[in-house]
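Residue numbers (this note's numbering): 9 to 896.
Just so you know, the hints here were simulated from the structure itself, not pulled from any lab data. Quick reminder that beta carbons are idealized off the backbone N, C-alpha and C, glycines included. Some clues are possibly wrong.
Quick list of the computed label-pair ranges, beta carbon to beta carbon [said to hold, decoys possible]:
| id | residue 1 | residue 2 | range |
| --- | --- | --- | --- |
| 1 | L791 | P675 | 22 to 32 Å |
| 2 | K71 | C869 | 25 to 35 Å |
| 3 | R445 | S857 | 34 to 44 Å |
| 4 | S374 | K738 | 54 to 64 Å |
| 5 | S573 | K71 | 56 to 66 Å |
| 6 | N865 | E801 | 29 to 39 Å |
| 7 | P675 | F442 | 48 to 58 Å |
Below, in silico cross-link-like pairs of lysine-lysine (BS3-like), each with a Cα-Cα straight-line distance of 30 Å or less [unchecked claim]:
| id | residue 1 | residue 2 |
| --- | --- | --- |
| 8 | K356 | K391 |
| 9 | K189 | K619 |
| 10 | K508 | K619 |
| 11 | K358 | K323 |
| 12 | K557 | K546 |
| 13 | K843 | K820 |
| 14 | K126 | K76 |
| 15 | K323 | K391 |
| 16 | K126 | K189 |
| 17 | K391 | K271 |
| 18 | K844 | K804 |
| 19 | K727 | K366 |
| 20 | K819 | K804 |
| 21 | K126 | K148 |
| 22 | K178 | K126 |
| 23 | K148 | K189 |
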Amino acid sequence: MRPVGLRCEYVENPLGVQSARPVLSWMGSDFRRGAHQVAYQVVASSDEEKLKSGDYDLWDSDKMESEKFFCIPYEGKKLYSAQRVYWKVRIWDEQGSMSQFSEPAYFEMGLLHPSDWKGRWMGFLGGLIGNGILMRYSFKVEKEPVRARAYICGIGYYELRLNGDRVGDKLLDPGATDYSKTLLYSAYDVTDGLGIGLNSVGIILGTGWAGTPRALLQINIEFADGTRQEVYTDWGIGWCVAKGPIVYNSIYDGEDYDARLEKDGWDTPEYQDTFLIEHQRPEGWSLATIIEPPGGELVGEISTPIRCTGVTIPKHIKTLPDGRELFDVGENQSGWVRIRVKGERGAKVKLTFAEVLKPDGDLEMSYLRLARCQDSYILRGDKGIEEYAPRFTYHGFRYFTVETAGIVSIESMQMEFIRSDLKQNAEFECSDEFLNRLVHVMWHTDACNMHSIPTDCCQRDERHGWTTDTTSRAEGSVYHFDVSSFFEKWTRDVFDTQDKNGYFADTAPHRWGRRPCDPQVNTPISLPLLLYRAYGNKRVMEQNYESMKRYIEVLLKEADDLLISRTGFGEWACPVEECYPEPYGAGAVSKHVTATLVSTAYLHYSVTQLKQMAGILGHDEDALYFENLAAAIKEKYNARFFNEAASQYDMGSQSSNTLSVSLGLTPEKYREAVMRNIAENVAEHDYHLTTGNMGTKSIVETLSENGYEDLVYTIMTQKTSPSFGYMLEKGATSIWERWEADRNNNIMNSQNHPMLSACNVWFYKYLGGIRFIDDTAAYQQLLIAPTIPSQLEYAKTEMDIMAGHVSTHWKKENESLMLNVEIPFNTSASVIIPKKFAVEWAKLYEGGSIICDYSNNASLCQGITSVESCEDRYVVEILSGSYSFLLE
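Make a model of the complete structure from these sequences and hints.
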């Protein structure tokens, strides 16, 4: 029962915490049936020895009667900048037994006040455009440090170095933000990197999204005698810049590196004599210049950083007619290629990247639009094997070419998968190998497009966080990954785009698209609610509640009788035959779904969700207002779009009908008839979808929830166009932006685009049956309700939630159905077991004993609080633990 998995702000032992009242969470390790927490005690101390000895000088919560194990706010003494807090927790279970204290954990505060930053933003305004600028500074340390922290924000990107070594393992840092609103800084423990005597700090600056690179650095050093030393960026104290070997860097274009320009040891104390000689000389060092602050608030970055998460060895395909060598990394990925080369000085290696090949077998570069997608390396030629990988760019590609000039040999190459290092949250396996391939491809597509923001694509001249896409995509990402801190960070990015009128932008950070955003955008409403449902994060709702209300208010102002006609997208990217031709809306605007329907349907959905949040936050009058408003919108919507005689919405398309059902607009008495029309429409299209960005997830969910699981299976395993199966049959290893991206190529031809794959929830939520009850936080109550198609024999699903590990495994065999369920400590679940695969008089067993028969005679056992036989299902209420059900 001892608590494990202690986290602060959803992160284990974070540095740079910005919140004055950080939230704490833990898990239980008791696997007994029915085991749950009834009370907890959190204690905190200013050092680890005090914590171990019982001297809780910062906080002792005392015994708190509560089942809550997530988002417990720190309530101790006021915390100060850079303070480290050691904490632990113990709990009491349902039998009144007290656990041991957990192992100690810690969190460390960042710089909480602007006055903590002593320095100024520095860079170079005299040129070096596109160069990877080198900055250096040397300083003396007279005594042995006992504690040292470096705090840095370098935009666009930076790499921090101390005495010749790289600090930390973050890549492409800091995460993307609107620098005028939010600036993310990182905190590093550099105690072991400092020495007595002369020390040198170096910073390499990349362009990133900044235009003019700049850095703000603060190093705080503490000594045993209580004294302190501060090192920071400022003018006139010795900070200098130089042209580095990165002669050009661009997120879209790539990076050019000339190793002949390397300054050996430039970031070490030993370089000081060379530095003095080169100072103010051509190709040497110049004084760094003060650069205007970007304007945003400095916030500690504790969201999951970008790292290398995997390595692939490329496979040689062929030599092209012009001598370039063509390679395949086997899977469309985001990242770069690391090379090890040997050759003469001035020899050059150029790598060019693309997702697909042209019919003649060369790279297809037109899909990338204006992005060059190319890295080059010029050898210095005097140190044997040289190694290179870019620092300040990344590419989306499966194929690349290698072109050389001069005498050079490629000793080795490896593709490095670069993305936000989010923990994989779920796994799925079933009896259909095609579906096992598809679930990986959808996960992989999502992973490739997690780069501090949820990007739309990872290859061309875009790579932005579209708020339209996440309206449908976000829930699937919660199944795929632990996005607790990632989505909290990006929620701030979204709200940073809100203007004075209340409108948000199409992308966050806003570097592309419109403001106001398309009115169908539901992300500013749905994402705070999703963070609460998945992770118990109430803070985001509290902080942004008034902003969400302003968004609804401004949408209502533009509405005509509660209907919104403005749109830029509508049901975007349906199959090409369902869309208006180019140039109208890039050939992606649906001609069979009225845009007003989509915009108004999502207005209703947003109002409904805001009503839920008002209730959670205790704003009862608001909740009543939003409830009535939703009802009024529903009435106007149905009056405009619903054909009662035909039980159809709008023009009767799959998207019009399914969005109306899934977003809660269809009156209950017509629901069954509308669902029949959706199913018939799918059959009329030979079991293909006609849906786009919003409707694809919606139709898969709606059919699954209304008894059409066999139809969904047929759709998801379809092999002819338009379908996911067609993509895979054509060799896709990631999901395309358009259903027909292989043959109808316009400006929308990304081959790695998570938009349509938002229906990935089908695997975990429906086949696996792991669903979440709306009225709970942090998924403390679950609904286990697998929708089992007749075409599948078994499915296994596993997922981690805040409380721990959830798993389901069902298997059909000889007119019986087996379902194994595992529910973590401190949670409960309603389990729905369908009767359709067993004989009419089948009984329900658990662990070999009958717990209910077809006549509803129940016999409860440990952990099962109720069981009921319904017409088409058994309903079992269970507490935490492992269960093995058998229906036969």
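Non-conforming hints, listed in increasing numerical order: As far as the earlier hints go, 4, 7, 14, 23 are violated by this structure, in ascending order.
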